[in-house]
Amino acid sequence: MGKLEAVDIGMEYYQPRIRHRLLALESVSLTVNEGEFVSMVGPSGCGKTTFLKIVDGLIHPTRGNLLLDGTRIDRPGRERALVFQDASLFPWYTVIRNVAYGLECQGVRASDAQKQVQPFIDMVGLAGFELHYPYELSGGMQQRANLARALAVNPELLLMDEPFASLDAQTRELMQAELLDVWRQARKTVLFITHHISEAVYLSDRVLVMGARPGRVIADVAIDLPRPRDLTLKRNPHFLELEDHIWGMIVSQVKRTMLSDRLVAANGAR
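Here the sequence shown is numbered in our numbering, starting from 2 and rising by one per residue.
Accuracy of the hints is not assured; some may be wrong.
SDA-like cross-link-like pairs, simulated, lysine to any residue; straight-line CA separation at most 20 Å [unchecked claim]: (1) Lys256 x Pro238; (2) Lys189 x Leu67; (3) Lys256 x Arg188; (4) Lys235 x Arg214; (5) Lys189 x His246; (6) Lys4 x Lys235; (7) Lys116 x Leu104; (8) Lys4 x Leu67; (9) Lys54 x Ala128; (10) Lys54 x Glu6.
Distance windows between CB atoms, simulated [as the list claims (entries may be wrong)]: (11) Ser167 x Leu234: 32 to 38 Å; (12) Ala220 x Met2: 36 to 42 Å; (13) Asp75 x Tyr15: 30 to 36 Å; (14) Pro227 x His133: 33 to 39 Å; (15) Ala128 x Arg18: 25 to 31 Å; (16) Trp93 x Lys256: 44 to 50 Å; (17) Leu241 x Arg110: 33 to 39 Å; (18) Ala128 x Val252: 17 to 23 Å; (19) Ala128 x Ser89: 31 to 37 Å.
FYI, nobody ran anything at the bench for these hints, they're computed from the structure.
Using N, Cα and C, we set each Cβ at its ideal position, and we do this for glycine too.
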C-alpha cells in the first residue's frame, strides 16, 4: 500500500442554472509512495486542482475511496498541508508569525510556536527576515514563507497547487531548485500540480498525465534522472525526451477535445 491511494475517484457537479451535470473526474486511480515527489500535469480544465482539493478533504468525491496510510480521507486533517498558487500571507503578521500560524491554530502558544518554526524559516532561506512584513518581501520570498508555514505543521503529505504560477520565469526556475533542496532536507511526500511540463520533469520521481475532461490518469511516467539535480539538467537530452513525450500526450488530448467540441457545435447548428 502506498502513502496515498486513490481508488476510482469520480467527481460530478450539478449546474442548476442550466440543469446540467458536469463530470469533472472519472475513475481516477493512483498511488503515491512514501517520500516520493509526484507531479500531475494535463490540459486546462482536466480536474487537477479538483483532485487536489479532494485529497485535502475540502470537497467530497461523488464516488471512490481515498486513503492516507490506509485511513480514509473524508475531511481536512493535520496530516495534510496545502500550498496554494498565491502565498496568502496575513499582511499584518511578520514572517515568523505567518509561519507559526498553523501551529497556533493547533493550540500551540504563540511564543512557543515561533521558536518551533525557526528551523523551517532557516530551511527556506529566510533567516534574517523573521520580522519583515509580506509587503517587504519579493514574490519568491513570500512563497518561501508559504512553504515554511506548510512544513512547520509537519504534514505527512504536502500538496502543492501551482505554487510558482505567479512568479516571473527566472524566479520560478530558482524556486524549483530551492524546492528540491527543501524537499531533500524535509523528505516529505509531495503531490504537485503544474501546467509546466519541464517543471514537473525537473522536480519529480514520477509524472502523472491527466486526460482531458473528464479527468483521468492516462499515463504514469517514471522520471529516471539522477538526484541531486541542478538547473543544468534541463539541457540534458534525456530530460528533453521526457518533456517531449509528456507534451505529445497532452497535445493529443487537447486536439481530441477540440475536435469533439467542433462536432458537438456542428450537430447543434443543424
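Cross-check of the supplied hints:
With a CA separation close to 27 Å, the supplied pair Lys256 and Pro238 exceeds the 20 Å bound. Of the pairs offered as hints, the one joining Lys189 and Leu67 holds, with about 19 Å between alpha carbons and a cut-off of 20 Å not exceeded. Between Lys256 and Arg188 the CA atoms are separated by roughly 38 Å; this puts the pair beyond 20 Å, and the hint is violated. Under the criterion of a C-alpha separation no larger than 20 Å, the hint pairing Lys235 with Arg214 is inconsistent with the structure, at around 30 Å.
Straight-line distance between C-alpha atoms of Lys189 and His246 comes to about 27 Å, which puts the hinted pair past the 20 Å bound. Only pairs whose Cα atoms come within 20 Å are accepted, and Lys4 paired with Lys235 is rejected, the gap being roughly 29 Å. Only pairs whose Cα atoms come within 20 Å are accepted, and Lys116 paired with Leu104 is accepted, the gap being roughly 11 Å. For a cut-off of 20 Å, the pair hint linking Lys4 to Leu67 stands: about 11 Å separates their Cα positions.
Distance check on the hinted pair: Lys54 and Ala128 sit about 31 Å apart at the alpha-carbon level, beyond 20 Å; violated. Among the hinted pairs, Lys54 with Glu6 is consistent with the structure: their alpha-carbon atoms are about 15 Å apart, no more than 20 Å. Taking the beta carbon of each, Ser167 and Leu234 are about 24 Å apart, not inside 32 to 38 Å as hinted. Hint check: Ala220 to Met2, Cβ distance near 22 Å, so the stated range 36 to 42 Å is violated.
A beta carbon spacing of about 21 Å between Asp75 and Tyr15 contradicts the range 30 to 36 Å that was offered as a hint. Roughly 37 Å separates the CB atoms of Pro227 and His133, a value that falls within the hinted 33 to 39 Å. As the Cβ distance of Ala128 to Arg18 is approximately 51 Å, the hint placing it in 25 to 31 Å is violated. For Trp93 and Lys256, the Cβ-Cβ distance of about 48 Å falls inside the hinted range of 44 to 50 Å, so the restraint holds.
Checked against the hint of 33 to 39 Å, the C-beta distance between Leu241 and Arg110 comes to roughly 51 Å, which is inconsistent with it. A hinted range of 17 to 23 Å is violated for the C-beta pair Ala128 and Val252, which are about 43 Å apart. Roughly 22 Å separates the CB atoms of Ala128 and Ser89, a value that falls outside the hinted 31 to 37 Å.
Hint compliance for this structure: hints 1, 3, 4, 5, 6, 9, 11, 12, 13, 15, 17, 18 and 19 are broken, all remaining hints hold.
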